[in-house]
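Using the hints, position chain B against chain A.
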Amino acid sequence: MRHLPRRRTAHSFLLAVLVASPVFAQVDFTGEWAPLYHEDGPERLPGPELGDYTELPINAAARMAGDTYDADRISVVPEYQCRPHGGDYSMRGLGNLRIWRDIDPTSEKLVAFHTHLLAWDSERTVWMDGRPHPPEWAPHTWQGFSTGVWEGNMLTITTTHLKTNYMRRNGIPRSDKAVFTEHWTRHGDYLTVVTVIEDPVYLTEPLVRSDNWYLDPGQNIGVFGCEYAPEVPRPEGTVPNHLPGKNPFLHEFAGWYGLPYEATRGGAETLYPEYQKKIAGEYHPPDHCERYCKCTTLFDCTLNSK
Amino acid sequence: MVCLLLAGGAGFAQPPQINPDNVQLTMAPVQGNVYLLMGDGGNITVQVGKDGVMLVDTGFAPLAPKAMAEIRKLSAGPIRWIVNTHVHTDHTGGNAEMAKLGMTHESIGPPRIVAQSNVLNRMSGPQPADQPKIPEAAWPNDEYFVPSKDFFFNGEAVVVYHVPNAHTDGDSIVFFRRSDVLSTGDVFTPGSYPIIDLARGGSLQGEIDALNRIIDITVPAKYQEGGTMVIPGHGRLCDEADVVEYRNMLTVIRDRFQDMIHRGMTLEQIRAAKPTLDYDGQYGATTGFWTTDMFIEAVYKSLSEKTVSEKK
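Chains as they are written, first to last, in the numbering used here: chain A, 572 to 877; chain B, 8 to 319.
Heads up, a few of these hints could be off.
Calculated pairs, DSSO-like style, for lysine-lysine (alpha carbon to alpha carbon, straight line, at most 27 angstroms) [said to hold, decoys possible]:
{"#": "1", "chain 1": "B", "residue 1": "K281", "chain 2": "A", "residue 2": "K748"}
{"#": "2", "chain 1": "B", "residue 1": "K107", "chain 2": "B", "residue 2": "K80"}
{"#": "3", "chain 1": "A", "residue 1": "K817", "chain 2": "B", "residue 2": "K308"}
To be clear, the hints were calculated from the coordinates, so they are not data collected in a lab.
Only chain A is shown next, with the shape it has when bound in the complex:
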């Protein structure tokens, strides 16, 4: 008789714990993460080739923006010198990542994840407390406004209120009307982030990209720092650009890699396997790899690396 109440108490306690435990954070992403560049290394490390629009489901407007872009813009326009990646591009690297979280001390509920990236010291908050996105009039930011929900063990994040930025760093733009969704999945010491960008201004289909990270508890993220300074004397307000049809660099990429020019122009059609049949016989890769033949880290991803 004496033991029964004790057993009942234990059960009650267990039940109370189970009931009180909030359903949150099936996975903890907290930690120091180092980027893996096995995907799209040349684009992410040294930067994309001019005129390379492959793998982008862009429309004619985006293509025109890329064709008329002059890369001098990022140095001649002082305000571009310290412009960070957009939130949709940040996870491409460059640089290491820290993730931490806020737990409400009273309820033990997850309030938010935070990320800090080396590149431009970019910081971002993913709100997990169910708050709504801001109204239409609210300012747009480089990282946007993000909210997350759990889908099983996967964290799905929706981000709005982005500033205009680049889809690819060779002049392919991403508008401030874009919304992107991320799916974060942790496999032990690896983190996979799949990003789906929808942009009614420049995309005809969603752009899907993936990036991977590995847990690196010993890493130290340095301070990025940036101070813009005019470096080239130019009249105020100069915005370097190529006139339509006058950009001399657009065919280089196709030539270097033996691709038919049309295949480098992007567009949804070029993303699908059927397109390979369409250009069969027109693809003549060079006999030997000549550009970015090895590209796994910032240090070995150079033009003439073998």
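Coordinates of chain B only, in the frame set by chain A:
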């Protein structure tokens, strides 16, 4: 709705039919003493403090009582200053009514209504035959003709800069120096191509010059974000980086048009070449008050006139 009332002069000063009951106004804090009042028509900038209330622009006349009710949630003080960024009635229509409604027992007279002198000239001058005369109570009573005018109000310096021949020939931008907020009027409208009111002295190059002036005044915080906040004539709250994108767009478009004009292309040939295609999804419109076609025509005319004068 961008500057509803423009179109070459005739319909410009005539306010549209607005039922205030159908309009939702939103008062949003910006920073420091400054707020943004949004609804139908131009944005209204509201600065409040111990000295009373200052407005940049007054919106459409029929919305004035409703706008005033929103302002009264922030301050019971008198409206002492109104600045008109330009002449269009979606920015000046509420002048007389707001001046009247803004009077309190603390008032020492009607509010000063500041504007560049071309605004007064246009509001007090002959109106098109199909439009009513603008009552004197709505006219600026504190016009300026020099490059800038400044005063101190609610604990901060307020500097009004004239930016010539941009959206119109009477544009002003207003800088709240302590709050670090710049109100631009319609020289900056982030959701649409700028209306270049050629009939009232606007020009593309003036627009670009005005945007460069805004970029000179604004200072971003860390990594090109925040810092000086920018209230556009229409649309969402912005900062310098948004103005830079807008300036870049207009500069690139200017360069393209200048090249085509110098090559002797006609307006129709330029239109067919789609010189703004890469920006149309962001700023263009195929219907409504200010379409992409109208913008292209205004840019062409603005730059063609310049080219002719250059030849002289």
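* **Broken hints, by number** => none
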